[in-house]
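Chemist: Protein chains in written order, with this note's numbering: chain A, 1 to 260; chain B, 261 to 655; chain C, 656 to 981; chain D, 982 to 1270.
Just so you know, the hints here were simulated from the structure itself, not pulled from any lab data.
Where is the CB? At the ideal position from N, CA and C, for every residue including glycine.
Treat the hints with care, since some could be wrong.
With the C-beta cut set under 10 Å, the calculated list includes, among others, these residues of chain B facing chain C [to be verified]: (1) 326; (2) 330; (3) 332; (4) 334; (5) 340; (6) 347; (7) 353; (8) 357; (9) 358; (10) 372; (11) 379; (12) 384; (13) 439; (14) 628.
Straight line, CA to CA, 30 Å or less: simulated DSS-like cross-link-like pairs of lysine-lysine [to be verified]: (15) A/147 x C/662; (16) D/1059 x A/147; (17) C/949 x B/292; (18) C/662 x A/120; (19) A/92 x A/79; (20) B/629 x C/797; (21) D/1067 x C/949; (22) B/454 x B/430; (23) B/421 x B/586; (24) A/79 x A/120; (25) C/737 x B/395; (26) A/245 x A/13; (27) B/617 x B/292; (28) C/737 x A/123; (29) B/430 x B/617; (30) B/586 x B/395; (31) B/430 x C/797; (32) A/172 x A/120; (33) C/949 x B/454; (34) A/13 x A/79.
Examples of chain B residues lying across from chain D (beta carbon under 10 Å, computed) [claimed, not checked]: (35) 299; (36) 304; (37) 305; (38) 400; (39) 462; (40) 464.
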Amino acid sequence: MSPLLQVRNVTKKYGGLTANNDISFDVAENEILSVIGPNGAGKSTLFKMISSFTPTTTGEVIYRGERISNLRPHIVARKGVVRTFQETTIFKSMTVRESVVVAQHLRARASLAGYFWGSKTAKNDVTAFGKYADELLEFLGMSDISKEQASNLPQGSLRALGIAIGLATDPKVLLLDEPFAGMNHDETMNMVNLVRSVRDERGVTVMLVEHDMPAVMSISDRIVVLNFGEKIAEGTPSEIQNNEKVIEAYLGSVDDEIGM
Amino acid sequence: MQRRSFVKTAMAAVAVTAIGATAAVAENPVLKIGFVGVTSGPAAAWGISNQRSMETRAAWINETGGYTIGDTTYDIEIVSFDDQKDPKRAIAGMEKMAQEGIHYVVGPNVDDGAAAVRPVAESNGIMYFPYAFPKSLYEAPASNAVLGMVANYQSGPAIYKYLMAEEGVKTVAFVAANESDPLSQRDGGVEAAKALGLEVVSDNVTYQVDTTDFTPVLTPVMRARPDLLVLSGVSPANAPQLIRSARELGYEGVISTETAQDAGVLAEGAGDLANGFISVGGASTPELASPAMNEFVQRYTDMFGEYNDESNTKVYALEYILETLKADPAAITDVDAFQATMDTFEAPNPFMNGDAKLRYVGMTSFGQKRQVAVPLVVNVYQNGTFETLFVAEVD
Amino acid sequence: MFGFSSKQLIGVGLFLFAIFIGVPLVIGATGRWDFYFTLTSVALLAIASAGVWLTFYIGRINIGQGAFALIGAYVSAILVVKAGWSFWISLPAAGLFAAVVAVLIGLPILRLRGVYFAMITLVLTQVVTLTALALPVTNGAKGISNIPLPSGISVFGIPILPDFAAMENTKLAFYYTACIIMILTYAALYRLVNSRLGHLCRSMQQNEELASSIGVNIAYIRIVIFAISSFFGGLGGAMFGSIAQSVYPSSFQVADSVNFMLNCFLGGLGYVFGPMLGTLVLYFGWDLLFEFGKYQMLIYSTILIVIIRFLPNGLLSIRFGKGGDK
Amino acid sequence: MEQILANGVYLGSQYAMIALGLTLIFALMNVLNFAHGQMYVIGGFVTYTFYGQWGVPFVLALVMSCVTLAILGALIEKFLFAPVIKGSAREESTMLLAAGIAFFLDAVILLVFGEKQRGVPKIVDGVFNWDFRIIMPYDRILICLLAILSIVAFIGLMQYTKTGRALRALAQDRTAAQLMGVNVDRYSMIGFALGAMLAGLVGGLLVTITGVNLGMGGPTSIKAFMMVMIGGAGVISGAIWGGIILGFMEAIGLALLYQYGDITYLLIFVSLMIFLAIRPQGLMGKPWG
């Protein structure tokens, strides 16, 4: 079986600076794959290219045999590859439920004009959106905060909201942007469980970008390691843990941080 | 100085109100005359000189016992509306005048406002006296607008002819602001100049009204080396700067305009460089000004702290309205009677020495008498004051 | 009915009653006939302001509505005077033309946000004014004057719309026309904001990246909204040209663009009916202060400053503390 | 050619000064100050009153312009902008406040200083004429030099003084500045006062050449917005470049395009629109401001 998502020889250059150099790897259906690397390794850039938020300089990203790089983000989302953001990127003045309802845009069957005139399909849609939002929030354990305004939520709930918004689009592949950043151990474990259940119960392939090593080790099926824009390793968590290049890269980066 | 004049103005305003109040006690009925024009924002100077002329004259009349029309003596009240140079507001202003029962209005000050108020004025029976030149305002079927001054297409040719004869002017260049009124006036001027056989060497240079440096604007014009530089429809704010820039660029020919200017503004803004600048004015030069004109200027200065020479041309509209009403008292409420009277009306001109007459003209330009016969006084600026170059009549 | 609560229905009913019956009654009783034009202006400016409000709704500060109002005024005037169209057909045509222009201009400029979009639309107003001055079809500096009043329309001999030129007094007719168009505009706006398109706009207002990540074609919606916004601008402008029976390059200029924007701020950006109230207060307020003569501007601006100082979120924020998107 | 360059330098230096104050206020508070032009006009009228009317030495009159505007700016910030910014849901609401202040200042200018165009006696007489290749009156050269000097002084202030550093920190990141111990409220006020003062200074300088009238406010604000946009909003060097570029655009545009008459400005504005559409962040700005 061919992989669900393929990153093929992707390179990104900003002027003279190379953010990603010739990166290739595959994501299989129903797997949890993490991309890790020290700060400035090019994780975010890679992420943006997969979701078409930024074009590649060379190389391409293939999803189910179709190129999805160098398109516009909403088209990629329509194909089923949806990204989330870090917690500051939310619909600030909407409630949790409103956010999740709006995010079901791709599930709409009526046209925008249909909604304007109040067609029957549109009315059905509206009912369906509400129902699905409640179901989704229940699944994510967020029913109790569904009426809260997003800007009032604590950090942990914001992450969950981000995932809820992503899930509301019915994605096939969900790209998570540093879901564990800044969390303590318990919060991280909750999030790990949540991400697992997203994959296990809803059949969503998950790819995440992260630099929290322990969490990544416990959650991932496979890991891709970047350093200075290059892929330096790929494999299962245990393979990665024993990879010399990876250890060196991480130690090096610690030195750098001390050096600052 | 300015603060003092502000206080003075405020006190004068209070005094006027007080006079108005006592006058009301004196049991004279009130005759309201309207003004719709721009008295705030960038073009405030145009409307304010209008409004103050009218208020000065009204206060003067009221102080001396009122104005007798037919058997009744009226106090004159000026009702002013600031249209902010916005045609939409101008319509609202004209509606307000109709609401106040006013049938005679001075203004608006610009082309678009004058055109926009026409439907309201005609449907409400209001005669209005715009300071705008488009002929369509005064030609039939338009009926209620009376041009309140001399149009540029009338004064221009007179000035050009004079300069051709006296100064040997052969070539002319036009500069105008990039706005409706000045551009229309430029086009009229170019046409007139060509008809007189002048060679137009430059007529397409324009400037934005907010220009702060006219050197780059005038440089290409100067290259054409015209004998005469016409500043079409120039605002009093821009005139001194344009003159200064032209002279500093070494221009030695004649500079003229067909709009009214203020000597004080020219003196402050351009100093001696403005000497020889030709503009159109009213009858305030010593040779022409009658005692009434001098008294008007004095009263204006007392009331508002400072005279504005633009008012020389703007003193007339109110006088015409009142004199015409005097000639036919029925016209106070009946605009048709006013229009009928216009054809034959004639009265002495109180502001000018000699036997000049107030009468309506415009047959040549508009095919009907829809213009006040303001003496076409062409002035030249010399060392802080205007001197009369020549006087002509419009028909 | 139509998903409105009975309270809302009563409110709408009262509003309609007030403007169609109340206002004429009050004017008849007090004899303030001049208020008809003022209120007609308010209605027309409120239509254009509704468009500006809509662009605010996708998070764009629009200081270009004067441009579209001017375009609308010219299109209608040219169609009526030069092509002999009926005004009533030229009116939607003016709106549509403005919308088409908005699409063409919107494609490159709607990518911009914040002050950058604000500035480019401000420059757009200047560009359209200068274009009107330069083009032969607009009659350049001389403008288009003597535009005939709207003629009547009848279908199979049954008069649908009256002939304005045959009327004794067109004030009332223009007032009703303007009010009807305004109500249609705001009804459409209300529907739009409360339908899916409105929700998508709101999501874009708050975060365009997130909106596009959930599959919203933000570029398309921006264009659609900008076109609708400009359609309203074109309508308002065309009606004004018809009332003034003349159009000049200066009929709508930068000051008007700024005022449209201020109307929205004053009423409140969070409320559909904010621009209507804002226009009423800003425009009618100026008229009411007419009595103060030369202190009119001083008092007007002082009141404005005091309002914004104490109600920074607009006039409507005084009643509905939150959740006022109704 | 030399003449065009000279005109460009002269226009550019005065434009840059106008833009500086506006961009400073924008950088600090994210306020697009619609009243900037009116502040410039007030600066002009103050100098006119002191120098032109009362015969106070020109430099002293300039100082009075600066002081008046600095105080005015500080008061406006403290009692109007600061509370409105705190209380509003969307920060663009300050645009309404700025516009209200612009109307208010216009009304005050009309009542206090009158509606007429005002000018002052020339500060230096004579015209520099280099063989008709460059013609430039001496007073313009002097004003141009003074403007450049003020710009240099301003940059020096921003670079090398404690106040300047605090202001720069504030402009870069308000929250971070607060964490670093910068008194945000106080420096916002100082910054606003400084921006207003710059407007007053350039108003006072230019009154000697262009004179002043109450109508100059609005158009000046709009022109200043354009310069700020060309250079990049909220960037000091951007404002200077924006001013210089607009100055040269006008000088060159008028010299090259004058034969197209009425559409010269249309072309300038259209090219500005195209430029902004292609490069919205201006020359130096951060994208999306």
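Chemist: Do the alpha carbons of residue 421 of chain B and residue 586 of chain B lie within 30 Å of each other, as the hint requires?
Modeler: Not satisfied, since the Cα-Cα distance of roughly 38 Å exceeds 30 Å.
Chemist: Is the interface hint satisfied for residue 334 of chain B? The criterion is a beta-carbon contact with chain C at less than 10 Å.
Modeler: With Cβ-Cβ at 21 Å, over 10 Å, it is violated.
Chemist: When the nearest CB of chain C is found for residue 347 of chain B, is that gap smaller than 10 Å?
Modeler: holds (6 Å)
Chemist: Please check whether residue 305 of chain B passes as an interface residue: C-beta within 10 Å of a C-beta belonging to chain D.
Modeler: holds (4 Å)
Chemist: Does residue 147 of chain A lie within 30 Å of residue 1059 of chain D when you go C-alpha to C-alpha?
Modeler: This hinted pair is violated, its Cα atoms lying about 37 Å apart.
Chemist: Take the shortest C-beta to C-beta distance between residue 439 of chain B and chain C; is it under 10 Å?
Modeler: holds (7 Å)
Chemist: Per the CB criterion, is residue 299 of chain B less than 10 Å away from chain D?
Modeler: This interface hint holds because 8 Å falls under the 10 Å limit.
Chemist: So, as I understand it, the hint says residue 357 of chain B touches chain C; can you test that by seeing if any CB pair is closer than 10 Å?
Modeler: holds (8 Å)
Chemist: Against chain C, run the beta carbon of residue 384 of chain B and see if the smallest gap drops under 10 Å.
Modeler: Residue 384 of chain B check passes; min Cβ-Cβ to chain C is 9 Å, inside 10 Å.
Chemist: Within a Cα-Cα threshold of 30 Å, do residue 586 of chain B and residue 395 of chain B meet the stated pairing?
Modeler: holds (28 Å)
Chemist: Residue 629 of chain B and residue 797 of chain C: Cα distance at most 30 Å?
Modeler: holds (22 Å)
Chemist: Keeping to a limit of 30 Å between CA atoms, is the pair of residue 1067 of chain D and residue 949 of chain C held or broken?
Modeler: violated (34 Å)
When held up to the earlier numbered hints, the structure conflicts with 1, 2, 3, 4, 14, 16, 21, 23, 28, 29, 33, 38 and fits the remainder.
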